[in-house]
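Chemist: Please construct the entire structure, taking both the sequences and the accompanying hints into account.
2 protein chains.
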Amino acid sequence: MSEKLDQLKEILGEVTDLRNASAVLGWDQQVNMPPGGAEARGNQLATLGKLAQIKFTSDEVGKLLDELKAEYAGADPGSDDDAALVRVTARDYDKAVRVPPEFVAESAIVTTKAHEAWMEARQKSDFSIFQPHLEKVVDLVKKYITFFPPADHPYDTLLDDFEPGMKTADVKVIFDNLRPKQVKLIKAISQSKQVKDDFLRKKYNEKKLWDFGVNVVTKFGYDWSKGRQDKAPHPFCTSFGLNDVRITTRFEPDHPTAMLFSTMHETGHALYDGGSHPSYERTPLMGGASLAIHESQSRMWENLVGRSMPFWEHFYPEFKKTFPAQLDGVSLKSFYRAINKVEPSLIRVNADEATYNLHIMLRLELEIEMVEGKVAVKDLPEIWNTRMKVYLGITPPNDALGVLQDIHWSGGAIGYFSTYALGNLVSAQLWEKINKDIPDLDEQIRKGRFDALLTWLREKVHVHGRKFDPQDLVRKVTGSKIDAAPYVRYLTKKYSEVYGL
Amino acid sequence: MSEKLDQLKEILGEVTDLRNASAVLGWDQQVNMPPGGAEARGNQLATLGKLAQIKFTSDEVGKLLDELKAEYAGADPGSDDDAALVRVTARDYDKAVRVPPEFVAESAIVTTKAHEAWMEARQKSDFSIFQPHLEKVVDLVKKYITFFPPADHPYDTLLDDFEPGMKTADVKVIFDNLRPKQVKLIKAISQSKQVKDDFLRKKYNEKKLWDFGVNVVTKFGYDWSKGRQDKAPHPFCTSFGLNDVRITTRFEPDHPTAMLFSTMHETGHALYDGGSHPSYERTPLMGGASLAIHESQSRMWENLVGRSMPFWEHFYPEFKKTFPAQLDGVSLKSFYRAINKVEPSLIRVNADEATYNLHIMLRLELEIEMVEGKVAVKDLPEIWNTRMKVYLGITPPNDALGVLQDIHWSGGAIGYFSTYALGNLVSAQLWEKINKDIPDLDEQIRKGRFDALLTWLREKVHVHGRKFDPQDLVRKVTGSKIDAAPYVRYLTKKYSEVYGL
Numbered sequence: 053m054s055e056k057l058d059q060l061k062e063i064l065g066e067v068t069d070l071r072n073a074s075a076v077l078g079w080d081q082q083v084n085m086p087p088g089g090a091e092a093r094g095n096q097l098a099t100l101g102k103l104a105q106i107k108f109t110s111d112e113v114g115k116l117l118d119e120l121k122a123e124y125a126g127a128d129p130g131s132d133d134d135a136a137l138v139r140v141t142a143r144d145y146d147k148a149v150r151v152p153p154e155f156v157a158e159s160a161i162v163t164t165k166a167h168e169a170w171m172e173a174r175q176k177s178d179f180s181i182f183q184p185h186l187e188k189v190v191d192l193v194k195k196y197i198t199f200f201p202p203a204d205h206p207y208d209t210l211l212d213d214f215e216p217g218m219k220t221a222d223v224k225v226i227f228d229n230l231r232p233k234q235v236k237l238i239k240a241i242s243q244s245k246q247v248k249d250d251f252l253r254k255k256y257n258e259k260k261l262w263d264f265g266v267n268v269v270t271k272f273g274y275d276w277s278k279g280r281q282d283k284a285p286h287p288f289c290t291s292f293g294l295n296d297v298r299i300t301t302r303f304e305p306d307h308p309t310a311m312l313f314s315t316m317h318e319t320g321h322a323l324y325d326g327g328s329h330p331s332y333e334r335t336p337l338m339g340g341a342s343l344a345i346h347e348s349q350s351r352m353w354e355n356l357v358g359r360s361m362p363f364w365e366h367f368y369p370e371f372k373k374t375f376p377a378q379l380d381g382v383s384l385k386s387f388y389r390a391i392n393k394v395e396p397s398l399i400r401v402n403a404d405e406a407t408y409n410l411h412i413m414l415r416l417e418l419e420i421e422m423v424e425g426k427v428a429v430k431d432l433p434e435i436w437n438t439r440m441k442v443y444l445g446i447t448p449p450n451d452a453l454g455v456l457q458d459i460h461w462s463g464g465a466i467g468y469f470s471t472y473a474l475g476n477l478v479s480a481q482l483w484e485k486i487n488k489d490i491p492d493l494d495e496q497i498r499k500g501r502f503d504a505l506l507t508w509l510r511e512k513v514h515v516h517g518r519k520f521d522p523q524d525l526v527r528k529v530t531g532s533k534i535d536a537a538p539y540v541r542y543l544t545k546k547y548s549e550v551y552g553l
Numbered sequence: 053m054s055e056k057l058d059q060l061k062e063i064l065g066e067v068t069d070l071r072n073a074s075a076v077l078g079w080d081q082q083v084n085m086p087p088g089g090a091e092a093r094g095n096q097l098a099t100l101g102k103l104a105q106i107k108f109t110s111d112e113v114g115k116l117l118d119e120l121k122a123e124y125a126g127a128d129p130g131s132d133d134d135a136a137l138v139r140v141t142a143r144d145y146d147k148a149v150r151v152p153p154e155f156v157a158e159s160a161i162v163t164t165k166a167h168e169a170w171m172e173a174r175q176k177s178d179f180s181i182f183q184p185h186l187e188k189v190v191d192l193v194k195k196y197i198t199f200f201p202p203a204d205h206p207y208d209t210l211l212d213d214f215e216p217g218m219k220t221a222d223v224k225v226i227f228d229n230l231r232p233k234q235v236k237l238i239k240a241i242s243q244s245k246q247v248k249d250d251f252l253r254k255k256y257n258e259k260k261l262w263d264f265g266v267n268v269v270t271k272f273g274y275d276w277s278k279g280r281q282d283k284a285p286h287p288f289c290t291s292f293g294l295n296d297v298r299i300t301t302r303f304e305p306d307h308p309t310a311m312l313f314s315t316m317h318e319t320g321h322a323l324y325d326g327g328s329h330p331s332y333e334r335t336p337l338m339g340g341a342s343l344a345i346h347e348s349q350s351r352m353w354e355n356l357v358g359r360s361m362p363f364w365e366h367f368y369p370e371f372k373k374t375f376p377a378q379l380d381g382v383s384l385k386s387f388y389r390a391i392n393k394v395e396p397s398l399i400r401v402n403a404d405e406a407t408y409n410l411h412i413m414l415r416l417e418l419e420i421e422m423v424e425g426k427v428a429v430k431d432l433p434e435i436w437n438t439r440m441k442v443y444l445g446i447t448p449p450n451d452a453l454g455v456l457q458d459i460h461w462s463g464g465a466i467g468y469f470s471t472y473a474l475g476n477l478v479s480a481q482l483w484e485k486i487n488k489d490i491p492d493l494d495e496q497i498r499k500g501r502f503d504a505l506l507t508w509l510r511e512k513v514h515v516h517g518r519k520f521d522p523q524d525l526v527r528k529v530t531g532s533k534i535d536a537a538p539y540v541r542y543l544t545k546k547y548s549e550v551y552g553l
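The listed protein sequences derive, respectively, from chains A and B.
With this note's numbering applied, the first sequence corresponds to residues 53 to 553, in that order.
With this note's numbering applied, the second sequence corresponds to residues 53 to 553, in that order.
In case anyone wonders, no lab produced these hints; they're calculated from the structure.
Please note that a few of the clues may not be correct.
If chains are identical, the list can't say which one is meant, so a pair holds when it fits in one copy or spans any two.
Below, in silico cross-link-like pairs of lysine-lysine (DSS-like), each with a Cα-Cα straight-line distance of 25 angstroms or less [claimed, not checked]:
no. : residue 1 : residue 2
1   : K188      : K430
2   : K61       : K107
3   : K255      : K115
Modeler: Take a look at the structure:
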């Protein structure tokens, strides 16, 4: 191995250590930290972030990368891991050095204030409190774009941070194709006989639900010697290396089974995070190809597996035995229909599989239009409500349940909502291929066996870490780029069963 | 404030952030980390430690300190906090730069191997496995001493790392004075009627003991909005800033009430760690004056408070109600005698108040003699057993229960055992002064009130952080240097009551 590559890897190892340490501090902050610890924790995270940034954007790294790019110019990053490391690191480096430290500092100040304003605005359901701050955030985002070479569309620059290589035009094509089909499907569902799910709203014992979820994801293949589950205000997955990947969940008394599905969802992320090739540990190749590919894994285990009939054919008898009073007289079929109930609703995070993507499309359109300057921040509430009516047939009674519901924009995170919807599409695309490669997969799941599925994901997706761009990975695995058709087929089939369309 | 001081504080702030981050990672390692996380965690801790060291020993810090030492040459570090910061930081810096990085790296390798060998040796009770490694450790320690200017005694250099300003000769005088009195006391106790404590070995519910301990230390003044308690293999206290100071405890089925006393002990450390003046946050002045002063706080809350009659006059009725079956027919007096039972035993960590210091003196003598070259590593087992017989009247049946019992030497930690015993002495010394200043302290404790005690400790000890050297602090607070007499008086009085001497 090249001596320069060794030098680079040593620096990248330390950068990764610093980022992993930050992840531990972040996990602790959500899971354990007493309120008094907040200020010191902020200092610690700021210092670690700054040192990681300084180390990564040093001239030394730049020089090594220039030399290594020349050295690996002829190698194929698709087959040569070292070439892939150079490619991915050079891309990260190029992005990191383009953004001036003063801009990073200014962003931190603007978004901290915007976050506070958003909290107050949402609480009072008063968009005018948030508006001036969001205007500043949008200005910052537009300025951020100017640090990068002009792209086909200014939104490309933002999207690329989360979906490397993905273009706004590609996403538009995918979504334009998807939108009418999802709208049509929802209309058909709304005209069908409605599904009963009152038994999912009863009281469920938290500990028993937790244990059931633990049992399920253990069967999925989550290795408790390399992870753990804790409670947190918002479920998430985080990793401090390939062999310490943790998940969190929460209990919502009004919606108790959400805990079970969140455990499966986060396990999907965790299996991906822990599945990079062992040689990628402490390098930028560790992790997921993109947010969409990550979401494809979480949504697959949560929905394509966890809300499927074969899954519940296996688990329902045990689940019913665990909650006999709540599920008294509820057949497997009724239960299956209830957990797949479709109901246009105001809040994205509570949306079902059929309506979820429409929430995303609405946000994506608004983000693109804001970046293009076609939509002014002050007009957002009205546009939001109008489009909610068109897409989902409902109108938010106030902005807290409308344009103010999500935290993302307050933090300057513009550019990644689409990854949630793309993740759904990719999950179905992979699922079709998996079912071709493992023809008896349904039968295996019916028996509570997930090993062949996990092995497939490990070998085809997880092991590659960040080596491939998302579109390339999907093409490599399925033979085509990201495509909405499999997801439409999946939804149509599922809801034909559930609603007898 | 001097501009240079600002510059120094900024760097020290980042160094503190890195060390606090390491502390979070260390806490997580003991409390939460799945086994798979060990290797990555080792890398993270190594990187954070290295970066903190590089930052702290930089030429920039050295230059700033030189200039600031000149600037504050006339100021009194006892009254001027900035002068104290310069003094303490300069001392830390001087120590840190004397030790070459290669030595630190070599030490890490030698002690890692020694630790593994010690684990095997203890498990097999075979000192010969550990012997060659301990010989290397002692060589390293002797080499370490050569990096520093010659002291009155070579052991002074080691001791000074834990007890700044303390001399080996001082410790010897203190212990030489103490030893015969403790030996005599133990002899008298052993000739008295023995205490019954079988009811302390019954089954106690872990959760109820935990809750009882939480209730007790809440009354002590431990603020749960600035801390938390978790389970860990070995109880400890750690802090990530003044407002996030955490404790851990463990449940030992064979010795259930140990959990309660460990909670009180660690709370003593925690109250001290969280009690530095708020302006010391993110500076080297935050923390404790020395290990002995730290131990004086933990032992005070555990023993002088937690094993006292007034304490149990308040808490025993509730304790008995919590464990009615276990304590059926056990009077307050019998309970009090049981928790203060004296029994010469082989294992230091399980030793009672009367015998504990003798364990320490044995180790201190051996450490000094090893450093002086008067005792060879190979002869340790024999010397250990001989002195155990002299001091405590018992002989270890094997080396696992003798010379191999403690982890410290395997890690190169030679020089701090004495701080445990000194802590006991200081706790009694402070206690006499506190009782002079708060004449009705017993009465307050009998009512479950600890606020005046905590306020006294906060104002006289905690608030100063690392500002004063331990001897200076004790003299400032009590009027005399560290002295064994109050501890002997305390033990004699207590055991006269317990054993009717």
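Chemist: All the hints need checking, so say for each whether the structure fits it.
Modeler: Hints and how they fare:
1. K188 / K430: Answer is within: at 12 angstroms inside a copy they meet the 25 angstroms cutoff, but 72 angstroms across does not.
2. K61 / K107: Classified as both: same-chain Cα gap 12 angstroms, cross-chain 22 angstroms, threshold 25 angstroms.
3. K255 / K115: neither (61 angstroms within a copy, 66 angstroms between copies)
Violation of the numbered hints given earlier is confined to hint 3; every other hint is satisfied by the structure.
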